[in-house]
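S.K.: Just need the whole structure built from these sequences, with the hints factored in.
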Amino acid sequence: MDCQPKLNVVLVTPEIPQNTGNIIRLCANVGAILHLVKPLGFRLDNSNLRRASLDYSDLVDIRLHDSIDSFWDGLSIETIYGAAISGSVLYTTPKYNPGDSIILGPESVGLPENILGRISPQNRVHIPMAPANRSLNISNATAIIVYEMWRQINFLGASISQYKDRSYFS
1 MDCQPKLNVV LVTPEIPQNT GNIIRLCANV GAILHLVKPL GFRLDNSNLR RASLDYSDLV
61 DIRLHDSIDS FWDGLSIETI YGAAISGSVL YTTPKYNPGD SIILGPESVG LPENILGRIS
121 PQNRVHIPMA PANRSLNISN ATAIIVYEMW RQINFLGASI SQYKDRSYFS
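Each residue of the sequence shown is one higher than the last, beginning at 1 in my numbering.
For the record, the hints were derived by calculation from the structure and aren't laboratory data. Even glycine gets a Cβ: it sits at the ideal position worked out from N, Cα and C. There are no misleading hints in this set.
FRET-style restraints, in silico, Cβ to Cβ:
| id | residue 1 | residue 2 | range |
| --- | --- | --- | --- |
| 1 | 154 | 90 | 13 to 23 Å |
| 2 | 133 | 93 | 16 to 26 Å |
| 3 | 137 | 44 | 18 to 28 Å |
| 4 | 61 | 18 | 12 to 22 Å |
| 5 | 92 | 72 | 18 to 28 Å |
| 6 | 134 | 89 | 15 to 25 Å |
| 7 | 90 | 117 | 14 to 24 Å |
| 8 | 155 | 122 | 18 to 28 Å |
| 9 | 130 | 45 | 37 to 47 Å |
Using 20 Å as the maximum straight-line C-alpha spacing, the simulated EDC-like pairs for lysine to aspartate or glutamate come out as follows:
| id | residue 1 | residue 2 |
| --- | --- | --- |
| 10 | 38 | 113 |
| 11 | 38 | 69 |
| 12 | 38 | 66 |
| 13 | 38 | 15 |
| 14 | 38 | 107 |
| 15 | 38 | 73 |
| 16 | 38 | 61 |
| 17 | 95 | 148 |
M.R.: Here it is in structure tokens:
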């Protein structure tokens, strides 16, 4: 792993291993650190998690936390964003910086109020949706927000030089 500042993706009590596996691949592709806050709805050796993450698990810094409090320790509250349908700020509005964190809650209920209450209202972001829709899949929502965060820091650490001949994409 390189020493460049990273983005942090925080999943609080993730429930579906396939979603977490997809997010592992996302974190590998953008160089983000993945924080998993217990309890998890699956074991880390779950075959669905492994299948969805492919062989990317070895490319990601995955950190397990026993509780949300253990995650908060040592982080600057100003750099923590929470994704919520009730978020008052469009996810493209904040000025993201290296080291910032995005927190997402369990698939079935989203971020609980006790966590949202610890996040500044201007750091509670949402993704717009068409009327009458309740939610996006957590791995899709994470990808939308994380790629915006990464774009704003000029795709820090990105490289496609290994694919100059473009044969990878054919």
